[in-house]
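Chains L and G supply the protein sequences, listed in that same order.
First residue of the first sequence: 1, per the working numbering; consecutive thereafter.
First residue of the second sequence: 1001, per the working numbering; consecutive thereafter.
Quick caveat, the hints were computed from the structure, so don't treat them as lab data.
The reader is advised that the hints may include incorrect statements.
[As the list claims (entries may be wrong)] Chain G stretches covered by chain L per the calculated footprint, using a threshold of three residues with CB under 8 Å from any CB of chain L:
no. : stretch
1   : 1017 to 1024
2   : 1053 to 1060
3   : 1104 to 1115
4   : 1201 to 1207
5   : 1221 to 1228
Glycine residues also receive a C-beta, built at the ideal position from the N, C-alpha and C atoms.
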Amino acid sequence: MRRFRLLFAGLAVVLLGLVAGVGTAHAVSEEELREECIHILEEGGTVDDCHEAPSPILPEANEVLWGGIAFLVLLLLLWKFGYPAMAKGLDDRAERIRSDLEAADTAKNEAEATRAEYEDQLRGAREEATRMRDDARAEMDDYKAQRRAEIDAELAEYRERAKAEADAAKGQALADVKAEVAALAIGAAEQVVQKSLDRDTNVALVESYIDSVDARG
Amino acid sequence: MTTLLALDFPPVSHVTEWPDIFFEGSPLAINKVVILMWVSVAIAFVFMWAAGRNFQMVPGRFQGVGESFIDFIRNGIIMQTIGKDGLGYTPFLGTLFVFIMICNAWGIIPALQMPVTARIALPALLSIMVWVIFNVVGVIKNGLFGYLKSVLFPPGVPWPLYILVTPIEFVSVFFVRPLSLAVRLFANMLAGHLLLVSFAVLTTAMFEFFPLAAILPGAVLIAMTLFEVLVIFLQAYIFTILAAVYIGGAIHPEH
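Sequences and hints are given; from them, build the entire structure.
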């Protein structure tokens, strides 16, 4: 604001200086103009020079003075009543842009936070799924190992039992054979004892007994 | 010098013709109007350059003015006249607007008080530029035959009427458009300039007669200066929007 005031004061000083330089306001009479033109022609100028503005830069003094005053009054009025509205409009616009940017920023941050949350959840779910799969696999492996051990144990037991049963059957068979052989021997002995015969007869008796047993068997 | 009701008005040439300062008498002669035109170029450039320098997402007041200006050119002028196709003309039309506006503004600046556009040279040159651009764009977009057909034989007109319409359109598009564009700006600014001079002279005369009598013409002078501020904007706007309308018409002749 101070800068504008300085600028304004500078402008006023320059204006006053210029006005002072060109003299006080006056309406130029036709006679004066004619004399001025004659003077220009005497100095080697042309009629065209008479038609031009007297100064290459400054307008007529009265135009500068009253035009300048009108401009300054208008500038003051616009400064007082127009500038605040314009400045407010610009500030409001900047504020709107700022708030829009902030809103966009907030929305972006929220979206990013939500995304991060979803990604966390997704990662958690993936980890959970992996963990569950690993657990299931470990459980399955355990179960498999356990079942295998059980089956192995059962097989070993079956094998033991089968072996025991086989051994028992074998022992029974042997016992049966032994009993049979004993019975046979006894039977044969009985035959031999009942008929005390010579060796050939004994052998023939034993063979015939064995044959009869075979025929029964 | 014209005497009207005992008031001495300076001749028009005294408030519009300025003696040469450099290269006097040559075609390259430089007078006050030329210097003001160059200063206008410098101000327009410095304004837009400074507004775009240190670009911030949230604009300060200065950048805000620049952005509002570009926004006005894009949405207020181009989108209303050419449409989206015309956004490429933003630099040209923006430059046209800001340059004409600053050239007009010299009319109220104390101690200078001469709108550059109150001489026919600049408005004529700018309107010739616009004329060349819209015709070249029309030929490039539609081909020479297509462009001439669209301009000279507007669709929807019963064919016997073309005997009447075609010459009118020819004169209107190729002669009246650039002429009216230049004269409108020039005449408005010259009239405003002369009006301000007249009221300044009137105020002087009344002041010399009786100081208090200067209040009324002085107040009117202030009102006229305000009116001139509006004319400064309005004439720049009218010139630019008409240039955009002509370019738009050349791009989309069917509209």
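Evaluated hints:
1. 1017 to 1024: Per the Cβ count (5), the hint holds.
2. 1053 to 1060: With 4 residues in contact (Cβ-Cβ under 8 Å with chain L), the coverage given for the stretch 1053 to 1060 of chain G holds.
3. 1104 to 1115: holds (count 7)
4. 1201 to 1207: Held - the stretch 1201 to 1207 of chain G has 5 residues with a Cβ nearer than 8 Å to chain L, which meets the minimum of three.
5. 1221 to 1228: holds (count 5)
Taken one by one, the earlier hints all hold for this structure without exception.
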